[in-house]
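Asks: Throw the hints in and build the complete structure from the sequences for me.
For reference, the chains in residue letters:
Protein chains: 2
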Amino acid sequence: MFEDKNTSKTPLVNLGEFKLIDHLTQSVKPQNKSTVLGIGDDAAIIDHSNNKTLISTDLLLEGIHFDLSYMPLKHLGYKAVMVNLSDLYAMNAKPTQITVSIAVSNRFTVEALEELYTGINLACKNYKVDLVGGDTTSSTSGLMLSLTAIGNATQDRIVKRSGAQEHDLLVVSGDLGAAYTGLQVLEREKAVFKVNPNSQPDLTSYSYSIERQLKPEARKDIIELLEELDIIPSSMIDISDGLSSEILHLSKSSEVGFHVFEEKLPLDPEVNLICEEFKFNTTTAALNGGEDYELLFTIAQKDFDKIKNHPLLSVIGHVTEKNMGCQLITGLGHQIELTAQGWQSFEGEKN
Amino acid sequence: MFEDKNTSKTPLVNLGEFKLIDHLTQSVKPQNKSTVLGIGDDAAIIDHSNNKTLISTDLLLEGIHFDLSYMPLKHLGYKAVMVNLSDLYAMNAKPTQITVSIAVSNRFTVEALEELYTGINLACKNYKVDLVGGDTTSSTSGLMLSLTAIGNATQDRIVKRSGAQEHDLLVVSGDLGAAYTGLQVLEREKAVFKVNPNSQPDLTSYSYSIERQLKPEARKDIIELLEELDIIPSSMIDISDGLSSEILHLSKSSEVGFHVFEEKLPLDPEVNLICEEFKFNTTTAALNGGEDYELLFTIAQKDFDKIKNHPLLSVIGHVTEKNMGCQLITGLGHQIELTAQGWQSFEGEKN
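Heads up: the sequence lines are chains A and B, in that order. Numbering-wise, our numbering puts 250 at position 171 of the first sequence, and it's gapless, one number per residue. Numbering-wise, our numbering puts 89 at position 10 of the second sequence, and it's gapless, one number per residue.
These aren't lab readings, by the way, just hints derived from the structure by calculation. Some hints here could point you the wrong way.
Note that identical chains are pooled: a pair holds if it fits in a single copy or bridges any two copies.
[To be verified] Straight-line C-alpha distance at most 25 Å; calculated SDA-like pairs for lysine to any residue:
#, residue 1, residue 2
1, 207, 129
2, 207, 126
3, 331, 387
4, 98, 332
5, 98, 142
6, 112, 128
7, 207, 411
8, 331, 117
9, 401, 102
10, 112, 236
11, 98, 141
12, 269, 220
13, 401, 105
14, 98, 418
15, 299, 117
16, 112, 234
17, 381, 308
18, 331, 115
19, 387, 304
20, 299, 126
21, 112, 126
22, 385, 369
23, 98, 403
Replies: Given below as structure tokens:
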């Protein structure tokens with residue numbers, strides 16, 4: 080039953096469900112005043128006083144969302160928390176608590192799960208979020224993570240997907256496409272490793288992209304920056320599935336169209352180099368790569384001066400009437416309609 | 080890729096993730112004033128005003144927690160919600176919102192997931208809870224459900240596991256063991272069906288037990304009853320893993336011992352009959368069967384008159400000093416120490 084061959088590791092059966100969760104969460108100490116009761120009862124208790132409570136949940140499965148052959152468990156734990164917190168930042172809210180449920184097969188050892196929780200705990204510490212509960216169960220196949228983030232905000236600061244107005248500016252934080260190029264590099268190294276397990280790849284020239292893929296950061300800093308700059312976006316979303324897909328979400332919820340300018344898309348130089356090496360279109364990586372966990376939002380034109388030339392923010396387009404649809408304006412001035420699933424069909428149109 | 084052979088059904092690939100969740104949740108309408116924003120944004124928004132927010136989460140996996148060969152998907156959806164709400168009732172809180180995340184393999188059709196959501200929606204309607212979010216993803220093996228329940232209570236009404244005091248009475252709602260005997264009957268029928276797929280079992284004499292296994296109800300009514308009777312338990316937990324295991328949880332959290340009287344354990348007559356048929360000890364079914372989703376709580380002796388002879392409540396024991404441990408007092412007056420895992424080792428001691 081126990082597949083791990085390393086006998087110095089501790090099989091899960093040695094602990095059992097109740098002891099496992101006690102063991103993994105023994106170092107957890109609440110950091111937020113709003114955490115009235117954390118792990119150890121039927122439910123956690125949270126006091127958000129007069130603020131609104133916000134809640135968001137994510138499900139991450141081995142073989143679908145992550146590949147443990149190049150994703151260290153510590154990074155997986157960290158990233159899982161980032162993915163989850165990112166949704167609350169996308170509402171302009173402050174995450175305060177998370178719950179983490181895991182299903183694991185017997186091929187994982189107690190030490191492996193400790194690694195996972197090291198990443199989870201580090202993320203909680205860095206983002207001042209309390210782990211307040213969860214569920215632990217065995218699985219017949221692989222590792223599954225289910226996270227729920229709870230946060231709060233005052234009513235007047237909450238930003239939904241639905242508030243974009245015609246003529247608003249479309250703004251994105253950071254840069255785009257690097258999580259995707261990082262994934263391409265990792266997938267290639269995995270293929271090389273299968274053929275030659277002794278290969279020692281030099282990945283230094285891909286380090287930014289690989290870090291974006293393996294250890295993304297949720298944009299807490301952007302939420303704090305917006306508050307400092309006294310800006311409340313009219314609509315906002317985080318970029319998990321790709322810029323193109325997220326623009327379509329804002330378009331649908333706000334009932335508006337968008338013009339996005341290809342030449343304004345922020346790209347790290349490394350993304351250009353990797354795209355060249357892999358013979359991949361950089362615009363496609365930026366539009367459809369996904370997993371950037373940047374924030375995409377719209378602001379009123381009157382707020383433009385506040386963000387002009389800010390190194391963390393790029394104005395990439397503006398809001399149009401609904402019936403104009405969502406259009407990418409290329410460097411040559413051509414209009415191409417944005418699609419959600421399809422960088423393939425999109426590629427076809429570009430060629 | 081698509082394993083379903085019935086061509087009148089709709090394969091999941093026809094919809095895609097975004098449309099699937101839209102499709103399954105299109106009939107969802109908020110019932111609670113506290114649901115400010117439900118499905119469709121990065122996070123749900125909840126307003127619990129000056130009340131405390133409570134949160135609890137559960138992970139349910141095919142092959143571990145449920146067997147679709149005898150668990151209809153509608154019942155599975157209903158039961159998954161009950162399991163989750165039961166945790167909030169166990170805090171003496173009122174559940175108001177849930178999130179439901181699902182991972183499904185391609186062997187499920189859109190119609191199958193509609194069945195699942197029919198059960199989820201019925202549970203939400205019956206318990207006046209709003210479905211406010213979730214995540215949908217594909218799975219490489221089977222069906223997984225992750226639910227998070229959010230609720231609220233005023234600080235003075237919240238009941239933890241940790242408040243039991245020496246001399247308090249130990250009370251349980253409803254009856255015990257029937258979910259377990261129901262499972263035994265269903266497992267037997269599954270085995271019979273494998274040998275003879277044309278068998279037409281008559282299960283009418285097992286109907287209560289089967290219903291307890293397939294369609295349990297969370298004890299909202301007990302929480303309402305306690306309020307009516309003006310009782311705030313000193314500690315409380317719901318019975319998911321079995322009475323014995325839950326008593327040990329209360330013991331650990333409250334740092335007390337318990338005396339439980341075998342002859343006071345409430346049993347439905349059907350449980351006695353099935354136990355006789357299966358040559359199974361009824362006390363073991365009641366103590367270690369699990370999945371009863373009854374509430375187990377302690378009350379001060381001064382509250383005894385309020386619950387005396389109430390048909391829904393049974394006093395089954397009392398709180399002792401910590402160093403006396405958790406003891407079952409048998410009909411013959413013998414003391415047997417309660418254990419969590421082990422009805423096997425326990426059985427050994429009884430024989």
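Asks: Next, verify each hint and record whether it holds.
Replies: Hints versus structure:
1. 207 to 129: Both, since 20 Å and 23 Å are each at most 25 Å.
2. 207 to 126: Both. Shortest intra-copy (16 Å) and inter-copy (22 Å) distances satisfy the 25 Å Cα cut-off.
3. 331 to 387: Neither: 27 Å inside a copy, 59 Å across copies.
4. 98 to 332: The answer is between: 14 Å across copies meets 25 Å, while 45 Å in one copy does not.
5. 98 to 142: between (28 Å within a copy, 23 Å between copies)
6. 112 to 128: both (11 Å within a copy, 17 Å between copies)
7. 207 to 411: Neither: 46 Å inside a chain and 56 Å across chains, both beyond 25 Å.
8. 331 to 117: between (38 Å within a copy, 16 Å between copies)
9. 401 to 102: between (53 Å within a copy, 23 Å between copies)
10. 112 to 236: Result: close both inside a copy and across copies, 21 Å intra and 20 Å inter.
11. 98 to 141: both (24 Å within a copy, 23 Å between copies)
12. 269 to 220: both (21 Å within a copy, 23 Å between copies)
13. 401 to 105: Close across copies (23 Å), not inside one copy (52 Å); limit 25 Å.
14. 98 to 418: between (48 Å within a copy, 15 Å between copies)
15. 299 to 117: Both: 23 Å inside a chain and 23 Å across chains, each within 25 Å.
16. 112 to 234: both (20 Å within a copy, 15 Å between copies)
17. 381 to 308: Only inside one copy: residue 381 and residue 308 sit 13 Å apart there, 59 Å across copies, limit 25 Å.
18. 331 to 115: between (38 Å within a copy, 20 Å between copies)
19. 387 to 304: within (13 Å within a copy, 61 Å between copies)
20. 299 to 126: Answer is both: 21 Å inside a copy and 23 Å across each meet the 25 Å cutoff.
21. 112 to 126: both (8 Å within a copy, 18 Å between copies)
22. 385 to 369: neither (28 Å within a copy, 60 Å between copies)
23. 98 to 403: between (58 Å within a copy, 23 Å between copies)
The structure is inconsistent with the numbered hints 3, 7, 22, although it conforms to all the rest.
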